[in-house]
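Visitor: Chains U, V, W, P, C and Z, in that order, are what the protein sequence lines are. Heads up, the first sequence is in this note's numbering, so the first residue is 1 and it goes up one at a time. Heads up, the second sequence is in this note's numbering, so the first residue is 150 and it goes up one at a time. Heads up, the third sequence is in this note's numbering, so the first residue is 299 and it goes up one at a time. Heads up, the fourth sequence is in this note's numbering, so the first residue is 448 and it goes up one at a time. Heads up, the fifth sequence is in this note's numbering, so the first residue is 597 and it goes up one at a time. Heads up, the sixth sequence is in this note's numbering, so the first residue is 746 and it goes up one at a time.
Hints are supplied without guarantee of correctness; some may be wrong.
To be verified - No farther apart than 20 Å at their CA atoms in a straight line, the calculated lysine to aspartate or glutamate pairs in the EDC-like style are these: (1) U:Lys129 - W:Glu403; (2) P:Lys558 - P:Glu585; (3) V:Lys278 - V:Glu254; (4) C:Lys728 - P:Glu493; (5) Z:Lys877 - U:Glu55; (6) V:Lys240 - V:Glu254; (7) V:Lys260 - V:Asp157; (8) P:Lys497 - W:Asp377; (9) Z:Lys750 - Z:Glu883; (10) Z:Lys795 - W:Asp431; (11) V:Lys240 - U:Asp140; (12) Z:Lys836 - Z:Asp885; (13) P:Lys538 - W:Glu408; (14) P:Lys576 - P:Asp587; (15) U:Lys111 - U:Asp133; (16) W:Lys409 - W:Asp438; (17) W:Lys343 - U:Asp79; (18) C:Lys705 - C:Glu642; (19) Z:Lys874 - U:Glu46; (20) P:Lys556 - P:Asp461; (21) Z:Lys836 - C:Asp605; (22) P:Lys538 - P:Asp526; (23) P:Lys492 - C:Glu701; (24) U:Lys111 - U:Glu134; (25) W:Lys348 - P:Asp526; (26) C:Lys687 - Z:Asp753; (27) C:Lys641 - V:Glu283; (28) C:Lys687 - C:Asp675; (29) P:Lys579 - V:Glu287; (30) V:Lys240 - V:Glu287; (31) Z:Lys836 - C:Glu734; (32) W:Lys389 - P:Glu585; (33) P:Lys497 - C:Asp729; (34) Z:Lys750 - Z:Glu855; (35) W:Lys430 - W:Glu408; (36) C:Lys646 - Z:Glu852; (37) C:Lys725 - P:Glu585; (38) Z:Lys856 - Z:Glu883; (39) W:Lys389 - W:Glu432.
Just so you know, these hints were derived from the structure itself, not from any lab. All values derive from a computational prediction rather than experimental measurement.
Protein chains: 6
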Amino acid sequence: MAPSKFGDDFNVGDIYHTQAITLTETHIVNWAGLTMDFYPLHMDKEYAAKSQFGERLVHGPLIFALAVGLVGTAGFAGDSAIAWLGVNNMKMLGPVRIGDTIRVEVEVKEKRPTKNPAQGVQTWRYTVKNQKDESVMELDYILMFHMRV
Amino acid sequence: MAPSKFGDDFNVGDIYHTQAITLTETHIVNWAGLTMDFYPLHMDKEYAAKSQFGERLVHGPLIFALAVGLVGTAGFAGDSAIAWLGVNNMKMLGPVRIGDTIRVEVEVKEKRPTKNPAQGVQTWRYTVKNQKDESVMELDYILMFHMRV
Amino acid sequence: MAPSKFGDDFNVGDIYHTQAITLTETHIVNWAGLTMDFYPLHMDKEYAAKSQFGERLVHGPLIFALAVGLVGTAGFAGDSAIAWLGVNNMKMLGPVRIGDTIRVEVEVKEKRPTKNPAQGVQTWRYTVKNQKDESVMELDYILMFHMRV
Amino acid sequence: MAPSKFGDDFNVGDIYHTQAITLTETHIVNWAGLTMDFYPLHMDKEYAAKSQFGERLVHGPLIFALAVGLVGTAGFAGDSAIAWLGVNNMKMLGPVRIGDTIRVEVEVKEKRPTKNPAQGVQTWRYTVKNQKDESVMELDYILMFHMRV
Amino acid sequence: MAPSKFGDDFNVGDIYHTQAITLTETHIVNWAGLTMDFYPLHMDKEYAAKSQFGERLVHGPLIFALAVGLVGTAGFAGDSAIAWLGVNNMKMLGPVRIGDTIRVEVEVKEKRPTKNPAQGVQTWRYTVKNQKDESVMELDYILMFHMRV
Amino acid sequence: MAPSKFGDDFNVGDIYHTQAITLTETHIVNWAGLTMDFYPLHMDKEYAAKSQFGERLVHGPLIFALAVGLVGTAGFAGDSAIAWLGVNNMKMLGPVRIGDTIRVEVEVKEKRPTKNPAQGVQTWRYTVKNQKDESVMELDYILMFHMRV
Chain U
1 MAPSKFGDDF NVGDIYHTQA ITLTETHIVN WAGLTMDFYP LHMDKEYAAK SQFGERLVHG
61 PLIFALAVGL VGTAGFAGDS AIAWLGVNNM KMLGPVRIGD TIRVEVEVKE KRPTKNPAQG
121 VQTWRYTVKN QKDESVMELD YILMFHMRV
Chain V
150 MAPSKFGDDF NVGDIYHTQA ITLTETHIVN WAGLTMDFYP LHMDKEYAAK SQFGERLVHG
210 PLIFALAVGL VGTAGFAGDS AIAWLGVNNM KMLGPVRIGD TIRVEVEVKE KRPTKNPAQG
270 VQTWRYTVKN QKDESVMELD YILMFHMRV
Chain W
299 MAPSKFGDDF NVGDIYHTQA ITLTETHIVN WAGLTMDFYP LHMDKEYAAK SQFGERLVHG
359 PLIFALAVGL VGTAGFAGDS AIAWLGVNNM KMLGPVRIGD TIRVEVEVKE KRPTKNPAQG
419 VQTWRYTVKN QKDESVMELD YILMFHMRV
Chain P
448 MAPSKFGDDF NVGDIYHTQA ITLTETHIVN WAGLTMDFYP LHMDKEYAAK SQFGERLVHG
508 PLIFALAVGL VGTAGFAGDS AIAWLGVNNM KMLGPVRIGD TIRVEVEVKE KRPTKNPAQG
568 VQTWRYTVKN QKDESVMELD YILMFHMRV
Chain C
597 MAPSKFGDDF NVGDIYHTQA ITLTETHIVN WAGLTMDFYP LHMDKEYAAK SQFGERLVHG
657 PLIFALAVGL VGTAGFAGDS AIAWLGVNNM KMLGPVRIGD TIRVEVEVKE KRPTKNPAQG
717 VQTWRYTVKN QKDESVMELD YILMFHMRV
Chain Z
746 MAPSKFGDDF NVGDIYHTQA ITLTETHIVN WAGLTMDFYP LHMDKEYAAK SQFGERLVHG
806 PLIFALAVGL VGTAGFAGDS AIAWLGVNNM KMLGPVRIGD TIRVEVEVKE KRPTKNPAQG
866 VQTWRYTVKN QKDESVMELD YILMFHMRV
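Whenever a hint applies, use it, and build me the whole structure from the sequences.
Guide: This is how it looks when you write it as structure tokens:
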């Protein structure tokens, strides 16, 4: 079955928005358990209180993982993507605290052909913002797309 | 309290190994629920059976998240790290299937000073390998360390 | 082995009570992940703050699911039930908020025979009440029972 | 902000399809823990082996909960729905086993106005089908929609 | 409100039985995540294959925790217990594997009064058995009960 | 491969410390679901408010399970342990509340040889302390170790 959307449908400079999700203590505890990351800044209230942040922070890789999920759930890409190739330039820009609400702004940053005309590679810039519109993470997400031939 | 370890204790070329963990259907289902990534290649056995892989695959970002957790649990760095700065060059090198067992090889790849002599930045190359010693993901993990002064 | 209880042991008008359970942020996050229901009224604190309810609400189907579990755990029916046939007249009567504590009142509402004298169908009315004794959900739960012959 | 879709956009007889999801042992164990339903037919392999089904079955209310989630994730309704009013005629039509893959067919079954011209009530028939296209559950889902005025 | 049952209702030598539950890969993964016990014998299929057991084992403390839960759910004690005082003589008697089904046999082992005639201490011997009726764990569970005065 | 550590490396009187972890509502809800322990003192805010404690308490067996996980994660024992033999003298010394942060102090309490000179049995006393340095649980953990021969 032909895809309903193709990489051709995305143009450099296009911007997409996802829904938002509030980060809770449950996210931290479930994340630690699934990924084995029990670093005290996330799991130990007393330790975190003495850190420069004054409270427990949400794990950075969880922000990345939720960015991927929020974009997927938003459905921009339909079934146009073939494969996830990787990530570049992932940067934590600010702390994410329990109770913060994040969403993702996606910008089509770069498109390039491959040797196969039916496949193209695109770099999408994900910027994760909190409820105050502060950017807390950014990263380049690289995808292989179906192209119209 | 002074850290028990410092960035000075790591030298370019040093190699560290983590324990291994087997990826299960539970990892996939719990991951999808926590990160909102219900893409059919991970969640729909019938869809996956018709894909080039023939079966459900483990989510790529979960491999990254577990790499972070496995390295943290291994305790190489003690309390020498101050902050996680980001990730570069994350690449999926091969599929990870339910029942595969992964571990991480860490190589100290690059060290550079900052303006503050008490802090240094290092790039650690994480290579995730499966039970057949095939590399399935690689990435550069960038950390700020306490340096001896 | 003969059941320890039979449908004959329940009479129209009988009332049963379950224990109570407090609904937490954890219930919402785990429920969303298991059932794929990330609707912003449940998951996005900022969105919910602007809604008529002013805060995140617990998913309605979770109230139903817990009603089933609370009644099962209470053990009224012993092993007298053969099968769950369905539900009718399920209605949300009021919002359930994080921190609310719910319990179920069960009333035997209707009994009817089947062609097989060893089996009877009963409708049990479940009314879910919160800590203020407000009814928040009601539904008719239809079960097939073993009958004495 | 005006909704992007209205109840007016759905007509009696319209049919919508969701993505599919495979039910796993993890779904059963996590569901039991969240909803307190540890009935042996779901949790005890030895008991289930002696039942008429010969193996553990997936909890019926989980099928309902996933139907709600699958439809929400599919995004047919956009932000046109105001509230969930209830469910009628929910019936288990066949057993769901570990490893089965379910999806939902939605049919707009009935539309009726309310006293408020900006609000309308609709009944959507959800039919849950497995990988063999067998119907395993059906139910009428009743929603209040924004109507164009 | 007076308790419905009292410690007086249990006599040395009384035996009680719980329902059974099948242990799954999900139990192991969720347990590890909640309790931080990622020991390779439980989590690494390759490591376990080379151990004397040949496969991953269920965590011992999970068997204890489920014994407590199975006895509580069975409801023998009603609301007669005031407090849990501790455990003695907990012994692993045999390995528990993924797919095994466990239940608990409870024997009232010892009763003694306290200075307060309204309170008595009892030791209940829990024996956890698998689907082959092999004992896999035993322990003495010590409880304070309400006594009739 | 020879173990990196042996039972010989631990001497009676040695003291070890683990990291700490904060107990959250998520721990209680996930624990109840995994172990079937929905006792109202843990799960029902209204019931707990009327108890002598005035609020929900963390399940005692969860404190034990986390003690095991915290000690394992701390890595004192390396791979010197062969098997877990059991527990003695487990006692709840005080209530643990949501928001409390616990850690474990381990003291090597007793060492004894076995008939096999390559194996020795040791009793390690675990004392669980909260953020106020109050002891909330203590227990004797019995392990079989590899011994140098």
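Visitor: All hints, please: hold or fail.
Guide: Hints versus structure:
| no. | hint | verdict |
| --- | --- | --- |
| 1 | U:Lys129 - W:Glu403 | violated (45 Å) |
| 2 | P:Lys558 - P:Glu585 | holds (19 Å) |
| 3 | V:Lys278 - V:Glu254 | holds (8 Å) |
| 4 | C:Lys728 - P:Glu493 | holds (10 Å) |
| 5 | Z:Lys877 - U:Glu55 | holds (18 Å) |
| 6 | V:Lys240 - V:Glu254 | holds (15 Å) |
| 7 | V:Lys260 - V:Asp157 | holds (9 Å) |
| 8 | P:Lys497 - W:Asp377 | holds (15 Å) |
| 9 | Z:Lys750 - Z:Glu883 | violated (26 Å) |
| 10 | Z:Lys795 - W:Asp431 | holds (17 Å) |
| 11 | V:Lys240 - U:Asp140 | holds (12 Å) |
| 12 | Z:Lys836 - Z:Asp885 | holds (10 Å) |
| 13 | P:Lys538 - W:Glu408 | holds (18 Å) |
| 14 | P:Lys576 - P:Asp587 | holds (15 Å) |
| 15 | U:Lys111 - U:Asp133 | violated (27 Å) |
| 16 | W:Lys409 - W:Asp438 | holds (12 Å) |
| 17 | W:Lys343 - U:Asp79 | violated (30 Å) |
| 18 | C:Lys705 - C:Glu642 | violated (42 Å) |
| 19 | Z:Lys874 - U:Glu46 | holds (13 Å) |
| 20 | P:Lys556 - P:Asp461 | holds (8 Å) |
| 21 | Z:Lys836 - C:Asp605 | violated (25 Å) |
| 22 | P:Lys538 - P:Asp526 | violated (28 Å) |
| 23 | P:Lys492 - C:Glu701 | holds (19 Å) |
| 24 | U:Lys111 - U:Glu134 | violated (27 Å) |
| 25 | W:Lys348 - P:Asp526 | holds (15 Å) |
| 26 | C:Lys687 - Z:Asp753 | violated (24 Å) |
| 27 | C:Lys641 - V:Glu283 | holds (17 Å) |
| 28 | C:Lys687 - C:Asp675 | violated (28 Å) |
| 29 | P:Lys579 - V:Glu287 | violated (40 Å) |
| 30 | V:Lys240 - V:Glu287 | holds (6 Å) |
| 31 | Z:Lys836 - C:Glu734 | holds (17 Å) |
| 32 | W:Lys389 - P:Glu585 | holds (17 Å) |
| 33 | P:Lys497 - C:Asp729 | holds (17 Å) |
| 34 | Z:Lys750 - Z:Glu855 | holds (18 Å) |
| 35 | W:Lys430 - W:Glu408 | violated (28 Å) |
| 36 | C:Lys646 - Z:Glu852 | violated (32 Å) |
| 37 | C:Lys725 - P:Glu585 | violated (40 Å) |
| 38 | Z:Lys856 - Z:Glu883 | holds (19 Å) |
| 39 | W:Lys389 - W:Glu432 | holds (14 Å) |
When each numbered hint is compared with the structure, violations occur for hints 1, 9, 15, 17, 18, 21, 22, 24, 26, 28, 29, 35, 36 and 37.
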